[in-house]
Amino acid sequence: MFKKEYIPPQETSQSSHLTMTRIQGSPKQKLKSSVQRSLRQGLLDTYPLLNPYIDEILPKKASLSSMKLTDRNTLYVLDSTPLFYQQDLTGILVPHLRLVHRFPQAFPSIRIDRGAIRFVLSGATLMAPGLTSPGGRLPADGAPEGLQEGKEMDQKMDEEGRWSRELVKGEPVVVIAEGKEEACAVGTLVAGTKEVKAKGKGPVIEDAHYLGDGLWNLSTE
39 MFKKEYIPPQ ETSQSSHLTM TRIQGSPKQK LKSSVQRSLR QGLLDTYPLL
89 NPYIDEILPK KASLSSMKLT DRNTLYVLDS TPLFYQQDLT GILVPHLRLV
139 HRFPQAFPSI RIDRGAIRFV LSGATLMAPG LTSPGGRLPA DGAPEGLQEG
189 KEMDQKMDEE GRWSRELVKG EPVVVIAEGK EEACAVGTLV AGTKEVKAKG
239 KGPVIEDAHY LGDGLWNLST E
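The numbers in my numbering rise by one with no breaks, and the one at position 171 of the sequence shown is 209.
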């Protein structure tokens, strides 16, 4: 398993807002019930595999709060537990790694090889070679592309650690590392997995949230 201490970022021209050692958040603001319902539905639309767990994650009578962050994201917190954040520019809901660790089976994933771990945990852009090498895992060739209507609950990871469908550009995805039990990062794809396999080079995820970054270390008390 990964140790969850802070790992100083390496210098890179493509560093993420989330890689800052510290991220400051505004005081928590309670959300209206209508906003909570909308966010709950947005989570289920984006991550249908959360359906069996949504009442545990966001009980209907729970009081969800938001925190505006200095990196142009909004973090949503239940009591002091961070659940997910929303990118102000895209509106995409991305799970906090603490939520991913609770329900790892509910999020589409890709796997990096051992050599890519230190780069991902330093805030560098995830590049294709870390996924196309023997230690990496991308969906199998011939897998259906994108979410198939009526088959949202059928997606899963196979015995080889490959997700059962191709993941598309702009889709949030969890990053698992070769030889590790827990996810090490989460972010949105700047290239679909089918394209990554075809080209074998170029960026795959930028501005990821990773273990030990500013978002991981942010106090939500």
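Since the hints were derived computationally from the structure, they do not count as laboratory data.
Since the structure is predicted, the reported quantities are computational estimates derived from the model, not experimental observations.
Careful: at least some of the hints might be erroneous.
[As the list claims (entries may be wrong)] Listed next, the in silico PhoX-like pairs over lysine-lysine satisfying Cα-Cα at most 25 Å (straight line):
| hint | residue 1 | residue 2 |
| --- | --- | --- |
| 1 | K99 | K68 |
| 2 | K66 | K98 |
| 3 | K237 | K189 |
| 4 | K239 | K189 |
| 5 | K207 | K237 |
| 6 | K189 | K207 |
| 7 | K239 | K218 |
| 8 | K232 | K194 |
| 9 | K189 | K218 |
| 10 | K232 | K207 |
| 11 | K70 | K98 |
| 12 | K106 | K66 |
| 13 | K189 | K232 |
| 14 | K66 | K99 |
| 15 | K218 | K194 |
| 16 | K235 | K218 |
| 17 | K235 | K194 |
| 18 | K207 | K239 |
| 19 | K235 | K207 |
| 20 | K68 | K106 |
| 21 | K189 | K235 |
| 22 | K207 | K194 |
Status of each hint after checking the structure:
no.: 1; hint: K99 to K68; result: holds, 13 Å
no.: 2; hint: K66 to K98; result: holds, 19 Å
no.: 3; hint: K237 to K189; result: violated, 28 Å
no.: 4; hint: K239 to K189; result: violated, 31 Å
no.: 5; hint: K207 to K237; result: holds, 14 Å
no.: 6; hint: K189 to K207; result: holds, 20 Å
no.: 7; hint: K239 to K218; result: holds, 24 Å
no.: 8; hint: K232 to K194; result: holds, 17 Å
no.: 9; hint: K189 to K218; result: violated, 29 Å
no.: 10; hint: K232 to K207; result: holds, 10 Å
no.: 11; hint: K70 to K98; result: holds, 12 Å
no.: 12; hint: K106 to K66; result: holds, 8 Å
no.: 13; hint: K189 to K232; result: holds, 20 Å
no.: 14; hint: K66 to K99; result: holds, 18 Å
no.: 15; hint: K218 to K194; result: holds, 19 Å
no.: 16; hint: K235 to K218; result: holds, 23 Å
no.: 17; hint: K235 to K194; result: holds, 19 Å
no.: 18; hint: K207 to K239; result: holds, 15 Å
no.: 19; hint: K235 to K207; result: holds, 13 Å
no.: 20; hint: K68 to K106; result: holds, 12 Å
no.: 21; hint: K189 to K235; result: holds, 24 Å
no.: 22; hint: K207 to K194; result: holds, 19 Å
Hint compliance for this structure: hints 3, 4 and 9 are broken, all remaining hints hold.
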